[in-house]
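Engineer: Next come the chains, spelled out residue by residue.
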Amino acid sequence: MNIIKRLFSVVLAICFANGVVIQTAQAALVSTEQVARLATTDESAHQRLNEMFSRADVQAELERLGLSADLAKERIAALTDAEAAALAQQIDDAPAGGIIGAILLVFFVLLITDILGFTKVFPFTRSVK
Amino acid sequence: MRGAWAAACLVALLAALTGCAVQTPRLLAAPPADLPPRVELTATPFFPQEDYQCGPAALATALSAAGIPTRPDALVDRVFLPGRQGSLQIEMLVGARGRGAVATRIPGTLEALMRETNDGNPVVVLQNLGLSWAPSWHYAVVIGYDLDAAHFVLRSGPLERQQLAFSTFEHTWDRSGRWAFVVTPPGALPTTASEAEVTRALVAFEHNAPPAAAARAYRSALARWPDNLTLAMGLGNTLYAQGETSGAAAVFRDAAQRHDDAAAYNNLAIVLLEQGRRDEARRAAQRAVSLGGPFQAQAADTLKRVDE
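Chains as they are written, first to last, in the working numbering: chain A, 2 to 130; chain B, 12 to 319.
Don't read these hints as lab results, they were simulated from the structure.
Do not take every clue at face value.
To be verified - Dumping the calculated SDA-like pairs for lysine to any residue here, alpha-carbon to alpha-carbon at most 25 angstroms:
#1 74(A) with 34(A)
#2 315(B) with 35(A)
#3 74(A) with 93(B)
#4 315(B) with 293(B)
#5 74(A) with 265(B)
#6 74(A) with 82(B)
#7 74(A) with 94(B)
#8 315(B) with 297(B)
#9 74(A) with 110(B)
#10 74(A) with 297(B)
#11 315(B) with 303(B)
#12 74(A) with 87(B)
#13 315(B) with 298(B)
#14 74(A) with 219(B)
#15 315(B) with 32(A)
#16 74(A) with 221(B)
#17 315(B) with 71(A)
#18 74(A) with 84(B)
#19 315(B) with 34(A)
#20 74(A) with 303(B)
#21 74(A) with 298(B)
#22 315(B) with 233(B)
#23 74(A) with 315(B)
#24 74(A) with 293(B)
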């Protein structure tokens with residue numbers, strides 16, 4: 002996880018440093034995303050994410066997370082530029098769904114807070130309103 | 012002694028927890044007059060959650076309700092990280108788009124949840140069922156509410172019909188940052204969503220969607236917010252991508268005049284050039300160049316191409 006985190010910060014730093022220089026200078030339509038963003042800082046976030054996900058050490062980490070490299074690339078391709086950049090922060094910090102970390106909880110604390118209606122961990126509790 | 016300590020901690024903890032259900036009392040004191048006292052989208056399908064896969068189950072529920080039949084196992088590859096035993100929020104939105112639906116974040120208010128269900132849209136919510144320092148994340152789908160009984164009705168994990176008191180729900184939702192989104196087929200818009208959120212959702216949708224579907228979505232949003240430049244550009248670009256040059260030209264021209272915007276003039280010039288209207292294209296490209304801004308280089312290239 003630390004490797005991914007560190008890589009992401011390096012990638013992000015490079016993106017922000019180079020973003021201004023990298024310009025698509027061709028007679029072409031201005032894309033909706035460009036208009037929406039206007040500040041073009043992470044144009045190549047996709048490419049860099051892909052390169053990063055191709056590295057062996059990152060792939061090993063992905064395998065550990067249960068994600069194949071191909072699928073990871075497909076997932077990256079489906080992201081918008083802004084999302085690709087945001088994914089860096091998200092992958093470590095964002096809450097993942099599913100009842101995780103529940104083992105960390107002291108059982109009776111949650112049971113009582115459930116009953117008082119502050120939490121809802123156990124399906125069998127009925128909160129007092 | 013240890014027991015006394017634990018009790019003291021617990022009391023302090025509970026004291027810290029109370030007082031964050033701020034919306035519930037206000038809502039119960041003055042419920043929105045135009046909302047019916049109870050709503051339940053009983054036709055919403057139910058997929059009992061397997062293992063930790065509440066993300067795929069919740070998303071499949073919302074997609075199927077929006078008329079895009081989907082089973083949770085078809086989404087696991089897309090929106091589930093086995094190592095984290097869960098789904099990232101961004102991937103929930105991407106997963107919806109991957110099935111051809113628009114995923115739009117809605118405001119974090121209890122009233123928005125009610126309004127959406129009343130409009131027939133189940134709402135996917137992220138809850139922290141545990142505590143802020145020991146989170147227990149969970150995705151569920153709000154399918155209705157009962158103002159008299161003061162509870163929401165949810166499809167949640169293994170429960171087909173969970174009745175959760177407004178205040179309990181608000182506590183669990185508050186700890187997730189009140190994160191919620193609605194899945195709609197392109198062309199339909201959640202009524203509570205803000206202009207900014209709809210725009211963000213549609214720009215993301217265009218990224219992978221067939222241009223015709225994206226154009227339909229942009230058109231309906233533009234009807235609600237006719238002064239939104241990004242939506243207009245999206246409609247023009249997606250019409251152009253379908254080969255509808257005259258439609259695209261009309262949209263770009265309207266956007267260019269309305270906003271006096273370089274991007275709109277640039278795209279208008281390209282479409283006009285393709286239609287063989289070189290003089291008009293040159294005027295549009297010149298205007299784009301003279302407006303300057305971040306697309307000046309692109310506009311200059313367009314002008315060069317017009318003069319070739």
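Engineer: Does each hint fit the structure? Answer for all of them.
Structural biologist: We went through each hint and held it up to the structure:
1. With a CA separation close to 20 angstroms, the supplied pair residue 74(A) and residue 34(A) stays within the 25 angstroms bound.
2. Between residue 315(B) and residue 35(A), the direct Cα distance comes to roughly 21 angstroms. Compliance with the 25 angstroms bound is thereby established for this hinted pair.
3. For a cut-off of 25 angstroms, the pair hint linking residue 74(A) to residue 93(B) stands: about 17 angstroms separates their Cα positions.
4. Between residue 315(B) and residue 293(B), the direct Cα distance comes to roughly 9 angstroms. Compliance with the 25 angstroms bound is thereby established for this hinted pair.
5. For the hint pairing residue 74(A) with residue 265(B), the CA-to-CA distance comes to about 38 angstroms; that exceeds 25 angstroms, so the pair is violated.
6. Using a Cα cut-off of 25 angstroms, the hinted pair residue 74(A) and residue 82(B) holds, with the two alpha carbons roughly 23 angstroms apart.
7. Taking the CA atoms of residue 74(A) and residue 94(B), the gap is about 17 angstroms. The hint holds against a cut of 25 angstroms.
8. Taking the CA atoms of residue 315(B) and residue 297(B), the gap is about 10 angstroms. The hint holds against a cut of 25 angstroms.
9. Of the supplied pair hints, the one linking residue 74(A) and residue 110(B) holds, its CA atoms being roughly 18 angstroms apart against a limit of 25 angstroms.
10. With a CA separation close to 40 angstroms, the supplied pair residue 74(A) and residue 297(B) exceeds the 25 angstroms bound.
11. For a cut-off of 25 angstroms, the pair hint linking residue 315(B) to residue 303(B) stands: about 15 angstroms separates their Cα positions.
12. Proposed proximity of residue 74(A) and residue 87(B) is supported: the alpha carbons are some 16 angstroms apart, at most 25 angstroms.
13. Taking the CA atoms of residue 315(B) and residue 298(B), the gap is near 13 angstroms; set against the 25 angstroms cutoff, the hint holds.
14. The hinted pair formed by residue 74(A) and residue 219(B) meets the criterion: a straight-line CA distance of about 14 angstroms does not exceed 25 angstroms.
15. Distance hint between residue 315(B) and residue 32(A) is fulfilled; the C-alpha atoms sit about 19 angstroms from each other, no more than 25 angstroms.
16. Distance hint between residue 74(A) and residue 221(B) is fulfilled; the C-alpha atoms sit about 20 angstroms from each other, no more than 25 angstroms.
17. Restraint check for residue 315(B) and residue 71(A): not satisfied, since their Cα atoms lie roughly 41 angstroms apart, outside the 25 angstroms limit.
18. The hinted pair formed by residue 74(A) and residue 84(B) meets the criterion: a straight-line CA distance of about 20 angstroms does not exceed 25 angstroms.
19. The hinted pair formed by residue 315(B) and residue 34(A) meets the criterion: a straight-line CA distance of about 24 angstroms does not exceed 25 angstroms.
20. Restraint check: the Cα-Cα separation between residue 74(A) and residue 303(B) comes to about 36 angstroms, which exceeds 25 angstroms; the hinted pair is violated.
21. With a CA separation close to 40 angstroms, the supplied pair residue 74(A) and residue 298(B) exceeds the 25 angstroms bound.
22. For the given pair, residue 315(B) sits about 32 angstroms from residue 233(B) by alpha-carbon distance, which is inconsistent with the 25 angstroms threshold.
23. At roughly 37 angstroms between alpha-carbon atoms, residue 74(A) and residue 315(B) are farther apart than 25 angstroms, so this suggested pair is violated.
24. This hinted pair does not check out: residue 74(A) and residue 293(B) have alpha carbons roughly 41 angstroms apart, beyond 25 angstroms.
Going through the hint list in order, the structure does not satisfy hints 5, 10, 17, 20, 21, 22, 23 and 24.
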